[in-house]
Amino acid sequence: MSAVRPDPSKLYHRKMPATWWLTNQSYFLFMLRELSSVFVAVFLVVYLCQIYQLSNGPDAYRAFTQKLSSPGWILFHLVALLFALYHSITWFQSSAVVLPLRIGERVIPRPIVTALHVVAWAIVSIIVLVLFLALKS
Amino acid sequence: MAEPTIRLNVTRYRPEKDRAPTTQAYVVPYREDWVVLDALNHIKDQMDGTLSYRWSCRMGVCGSCGMMVNGTPKLTCAAFLRDYYPQEIRVEPLVNFPIIRDLVIDMTDFMEKLKSVKPWIIRKEEKPVSEGEYLQTPAELEAFHQFTQCINCMLCYAACPVYGLEPKFLGPAAIALGYRYNMDSRDQGKDQREIIGNHDGIWDCTFVGECSVVCPKHVDPAAAIQRSKVDVTKNWFQSILMPWGQR
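Chains as they are written, first to last, in the numbering used here: chain A, 1 to 137; chain B, 1001 to 1247.
Chain A on its own, in the form it takes in the complex (with noise of 0.2 angstroms):
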């Protein structure tokens, strides 16, 4: 039995909207989640130079350094940070999505593996911010 197609020159097609993306406060926030890896990114370049800069010299580094100290800088890195805490904790809640904790027969809900990851998360920050404090003094 073959299927009744309907007359393809009487149907009529919708084009989607270049502004779907704030039709829905979901969508919204899946092309902030989306942009935010463009502040990553930028900010990792940042980084990259500035670590280059270390191989020419102190006075360089330095004039790098002061350069990332004006207030557009400090600006784009503080946006920067809240894009890459938004993407971190989207990473998380995803993760629980794709990789189902149980134990024994029982799943464990959602919110609460997002939760360990972020508790994780928050720990390895501290570790890192100890040993830092330590190599620094």
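Treat each hint with caution, since some may be false.
Claimed, not checked - Listed next, the in silico DSS-like pairs over lysine-lysine satisfying Cα-Cα at most 30 angstroms (straight line): (1) B:K1217 - A:K15; (2) A:K10 - B:K1229; (3) B:K1168 - A:K10; (4) B:K1044 - A:K10; (5) A:K67 - B:K1229; (6) A:K10 - B:K1115; (7) B:K1017 - A:K15; (8) B:K1168 - A:K15; (9) B:K1124 - B:K1229; (10) B:K1124 - A:K15.
Calculated from the structure, these hints are not laboratory results.
Knowing the structure of chain A, use the given hints to seat chain B on it.
Frame of chain A; chain B shown alone:
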């Protein structure tokens, strides 16, 4: 006291006379226990018999009555008027699909995609009936049970901006169905469902996640797609690192 009413702004498209869809307003009685589908049935029976839409079971099982209700894909049999009253309700055909007439969309593309994932149990060798059933433990059933709940209502396709922008995308329901069979311990046909791992399959998905939000049966196609990505990646690494090993 006058009976309370609610206004429905319904998309009309009659290909024999309309060049593009228009909106027609209907003022229907407001009843607290009515859903949008009841209001549409009232219009069809009492006010305008020319209005076309799909429906069947009226109880969230058949998946026929999916429409955009105030811009959100919903089963109209589960969308209560009381959740919108006294505001007007906009009823449109599911987006991302061509319109055949009024609220009826063309699902040809969806049906072909469903078929393309070979949604049936594939065995390398069928055992004779005399040898009995293919047995399964409760844990093995649990691994895919949630993904068997799909009613093919297509709400997930209407919620997916990737499908809207890239119609070649296999889409949430078809991938979830393919994943359901890949996860079935009785199935041996994973390598025949390569379409899932292709570019137009799971890799087109950017994990917006709205497909799982609108799913009336909590199938969670977004999870099926992301887990398939992990699965396909694992298989790829395995085939590179251990080419002699079986997939």
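A quick look at each hint next to the structure:
1. Proximity of K1217 (chain B) to K15 (chain A) is assessed by CA-CA distance (about 28 angstroms); at most 30 angstroms being required, the pair is judged to hold.
2. Restraint check for K10 (chain A) and K1229 (chain B): not satisfied, since their Cα atoms lie roughly 38 angstroms apart, outside the 30 angstroms limit.
3. Annotation: proposed proximity of K1168 (chain B) to K10 (chain A) holds, straight-line Cα distance about 21 angstroms (limit 30 angstroms).
4. Taken as a hint, the K1044 (chain B) and K10 (chain A) pair is honoured in the structure, with Cα atoms around 23 angstroms apart against an allowance of 30 angstroms.
5. Of the pairs offered as hints, the one joining K67 (chain A) and K1229 (chain B) is violated, with about 43 angstroms between alpha carbons and a cut-off of 30 angstroms exceeded.
6. Between K10 (chain A) and K1115 (chain B) the CA atoms are separated by roughly 25 angstroms; this keeps the pair inside 30 angstroms, and the hint holds.
7. About 21 angstroms separates the Cα atoms of K1017 (chain B) and K15 (chain A), which keeps this hinted pair within 30 angstroms; it holds.
8. The hinted pair formed by K1168 (chain B) and K15 (chain A) meets the criterion: a straight-line CA distance of about 15 angstroms does not exceed 30 angstroms.
9. Restraint check for K1124 (chain B) and K1229 (chain B): satisfied, since their Cα atoms lie roughly 24 angstroms apart, inside the 30 angstroms limit.
10. Straight-line distance between C-alpha atoms of K1124 (chain B) and K15 (chain A) comes to about 44 angstroms, which puts the hinted pair past the 30 angstroms bound.
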